[in-house]
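Based on the hints, put chains C and F in the right spot on chain L.
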Amino acid sequence: MSKDNQVLEEFSSKEYEHGWSIDLESDSAPKGLSEEIVRFISLKKNEPEWLLEWRLKAFRHWLTMKEPKWPNVKYPPIDYQDIIYYSAPKQKVQPKNLSEVDPELIETFKKLGISLTEQKRLTGVAVDAVIDSISVATTFKEKLGELGIIFCSFSEAVREHPDLVKKYLGTVVPSNDNYYAALNSAVFSDGSFCYIPKGVRCPMELSTYFRINAANTGQFERTLIIAEEGSYVSYLEGCTAPMRDENQLHAAVVELYAMKSAEIKYSTVQNWYPGDKDGKGGIYNFVTKRGICAGDYSKISWTQVETGAAITWKYPSCILKGDYSNGEFYSVAVTNNYQQADTGTKMIHIGKHTRSRIVSKGISIGKSQNSYRGQVHILKRAENARNFSQCDSLLMGDQCGAHTFPYIDVENKSAHVEHEATTSKIGEDQIFYCLQRGIDEEAAIALIVNGYAKEVLKQLPMEFAVEAQKLLALTLEGSVG
Amino acid sequence: MLKIKNIHAGVENKSILNGINLEVKPGEVHAIMGPNGSGKSTLASVLAGREDFEVTEGSVEFLGKDLLAMKPEDRAREGIFLAFQYPIEIPGVSTVNFMKTALNKIREYRGQDALDAVSFLTLMKEKIKLVEIDQSLLSRSLNEDFSGGEKKRNEIFQMAMLEPKLAILDETDSGLDIDALRIVANGVNKLRTKDNATIVVTHYQRLLDYIVPDYVHVLYQGKIVKSGTKELAMELEEKGYDWIKSEMEVA
Amino acid sequence: MSVTTEKQSFSQDLIASAELSQFTEATASREKAFEDFKLVGLPDGKHEEYKFAPITKLLAKNFNADELYSKPTASNNDLSSLIPKGLGENCVVFVNGVYNKSLSKIKNTSKVVIKSFVEALESHLHVVTEGLTEIAESKDPFALLNSALWQDGLFIHVPAKATGEEPLYIYHLHDATEKKVASHTRLMVVVEKHAEFSIIERTDSLGKHPVFNTINEEILVDENAVFSYCKIQDDHGDLIHVGNTTVHQKKSSRADTYTISLNGKLVRNNLSIIIDGEGCESHFYGLYMTDGDTLVDNHTTVDHRKPNSFSNELYKGLMDGKSKGVFNGKIYVRPDAQKTNAFQSNRNILLSDTATINTKPQLEIWADDVKCSHGCTTGQLDGEALFYLQSRGIPKDTARAMLLYAFAGEVIDAIKDEHVKNYVDSIVSERLHKSY
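Chains as they are written, first to last, in numbering that gives the first Met the number 0: chain L, 0 to 480; chain C, 0 to 250; chain F, 0 to 435.
Please note that a few of the clues may not be correct.
To be verified - Short, incomplete list of chain L residues facing chain C, as computed with Cβ under 8 Å:
hint, residue
1, 49
2, 50
3, 52
4, 406
5, 425
6, 428
7, 429
8, 435
9, 436
10, 437
11, 442
12, 446
13, 447
14, 449
15, 453
Claimed, not checked - Short derived list, chain L residues pointing at chain F, Cβ under 7 Å:
hint, residue
16, 64
17, 160
18, 409
19, 419
In case anyone wonders, no lab produced these hints; they're calculated from the structure.
Where a beta carbon is used, it is the ideal one built from N, C-alpha and C, also for glycine.
Bound-form chain L, shown alone (with noise of 0.2 Å):
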């Protein structure tokens, strides 16, 4: 027993690998937040009156609302007067392509571990990388528009293509949905955009990833995904932050709109700076995700791995409308040192035939706190819906906890719901079957939480699938003395 522990706090003592931070002159706007900013940021960004006038819309229906009060996390109070909420990375014209990207930024990307020339050549996928939420850089533009394909960033599509963002934005998750969705509403700076046409198939992995550079300065990026009638996409999302003593906001908003047959799968890594191991700073990861299958036979699929944020509040949730539409929730969320995690989903099922499951993993170590929250709502006109839902918990270390709080609501007697939920400690049985084979006790830990995390890793594209291995594996590193 003792000696798990000492290997526990071991593990707890990893360091975060990401922790360096560029000095990238940047374009900011003062601290703190009013009309003012929400106009400055507006301006600065070129934006049409209409968009203007919805971000002082959102802005002004957040100055009555209240933080919601009810995760299961606690951090003092946010002064949200204390925050820059736009940091632009100082660049004089907008690049056409890689060559004309700050090199400094390509550095950043590199150290980040996806170069995007390399990637561009290595592995065909797309991505748009938002640095302190501003869209630095976009690849393969050129292939995907030969497919009708839009991907860009959120900037670029309001300037381009005006009619779909003021058609689709804030119709999956309106500008009022919650506290953190009004503000982001108010001041986002960026994110990306993604169009798919009627009836084509993305060949490649559409991708961005995210990073906080500037101090004090909070991210707020929103992406909205349209699928058309018969379309597919799948989209990666990875996310980055520089160690710093303090904490940073991250409010972001994604919004999913699914037509008939569309199907839309995301997946997120997230890595933000979870706090040294002591509990001091990280990133506040305060996310509404949401999507719709609005089309009958669509579905959506989330993954999520969650390594990284001091603080996570995020249920990446599906609307299922569409009759014989299908949601899917695959996460697997670890939280060490003093990481506090509150996360699930929600199935609304309306539709007829409508189906959705739910597989959570979570992982708490160390003095962490991990939470499963989830809905699953079968309205009364859902006729035949099924939910089958699974949300384990591992705990490793005895000043860890793990909670789980799924709402289940029923309104149709046709329903078939079934939810089933574990927690154990990691097998003492199952380590020394692995050090019987000669494999030490940290490489066992960490081939059976990956084992135990398998069920979510395999719906990772590959790539993101490895990345996600290696980082799980990390989270749980130390040396064995």
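Chains C and F in isolation, oriented as in the chain L frame:
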């Protein structure tokens, strides 16, 4: 190779092994028999280094080193292999992945380079034939939803992969039908060389028809009360363990 | 005026008028409870624990604030018909919240002390005050309200090593033939070391005027004691009931609870099991079978505070008509409670297009060496099983009734007391045969 001297061990003040002495030389096969609760599996666990059991007295020397001072994984790396009576299930971890990790950790310990994917697969294919195990089984989660026979065969497959110097088979025959028993025993026999040794822990004699021991020891109340050759096992089968018990009581 | 403000004002009305009332006994603890109640008030629709149980709304609709706690009135009717045949041999009866001596028949040996709560406050003051702590800590608005306004109650003391005692039946009867009734009752049971005892509780009422009833129950099961508790609600009146039951288990004790809710307007059961010793075993079963516009809301909590204990929970629901079922089950495993095994299962069947179920099983674990799980299902009858029975010549309705009976049977079969089991069984099967 292995010298067990006066081992006493138990759990929470309950003594299970009460002074075991045993020497195993390279090339030998020793069978350890005994009624339920005599301490057979405890002995196997103590040798493999399971922390649940506390060794209170005695020593074990393995290839000239103090075995009891070693961590379980180092014992494995030195060449001790325990075929578990109840092989453990590890969801999400395939046998292939498990073996690759184990083999490379052992190679690392021995100062050898890790095997690349191709050599590993070549080795694996070779060993698969030896134990007649279905290759598809190896890409499934380790022991999960395996039948009793499949689990035991998987143990022997792992043994073939890791090429131990001393293999301890803990009730490997339990829960096996006659065909599976034959396959498992064949595997073990094929792996025998003049340099390695095997300890077969079993309740019944029938496994010994297939894996012929050089020595048979009878364990009772934590002690070896009788040692002999293959004939002793036959005698036990015929007379039953009550024979030993009554003989002990007389003594 | 919006609904919310109406409810708020109802809560305020209650506070304003109840403050003036006078009680003679246990004034200090009543005052404390009332002060605490003032802080929380009656729960509105946003209250996390009461969002599916609109009790305040119902109360505001059916009662004036000062009617919620007025002095109990006597009944002029014979209520003995409400006591089921064969289950009235050893019983304590409350009528409109007041201990009724003439209807009560106590056969327990003199070793077991059974007396009114008011009397016990004098004779067993230290036992009573010690036992009061758990409920006093509760922040449930209705538990606080009861602690402030209780009218009468029962105290049961089972001395150490007392075994083989007759099970005691407790009836809470209300006469609402002429006017509405509000009653607030307390129950305290202390089962000392190595003793065994079992109680069966039942509510029922006469007449169709609304009845509001709260019961606070504190049960202490001391080391190595065995306790069984069965609560049967098959109330034929317009009952709004809120029960707060706390079972406090000490080392190596065992408690079995059965909560069977079959009727009433709105039934809310808060059952809290506190495992405060090693080696405890706790089983809790629930069956809610509702029809019409009945709402049954079961909130259960098992709080593992000490290591090496076992708890198992099984709640099953069958909802028909426009009825609603609510289940909320919490399992807490505190940091010290290593080696805890805690299991929970909630299964529901919706029988009509207008019935609903809201369930929230909840695990909160702060110890690592534990095995905890919960499972929850909502569905229909197994179509294949139904077809199988039909293919053997059983008519569909009968087949349905058989399967539903089997579904409920898992809980009924767990009841150990044969009389109680047969009684519950008879109500359930009668109900099923009437409907299908």
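Query raised in the report: Honestly, which of those hints from before does the structure not fit?
Result: As far as the earlier hints go, 1, 2, 3, 4, 5, 16, 17 are violated by this structure, in ascending order.
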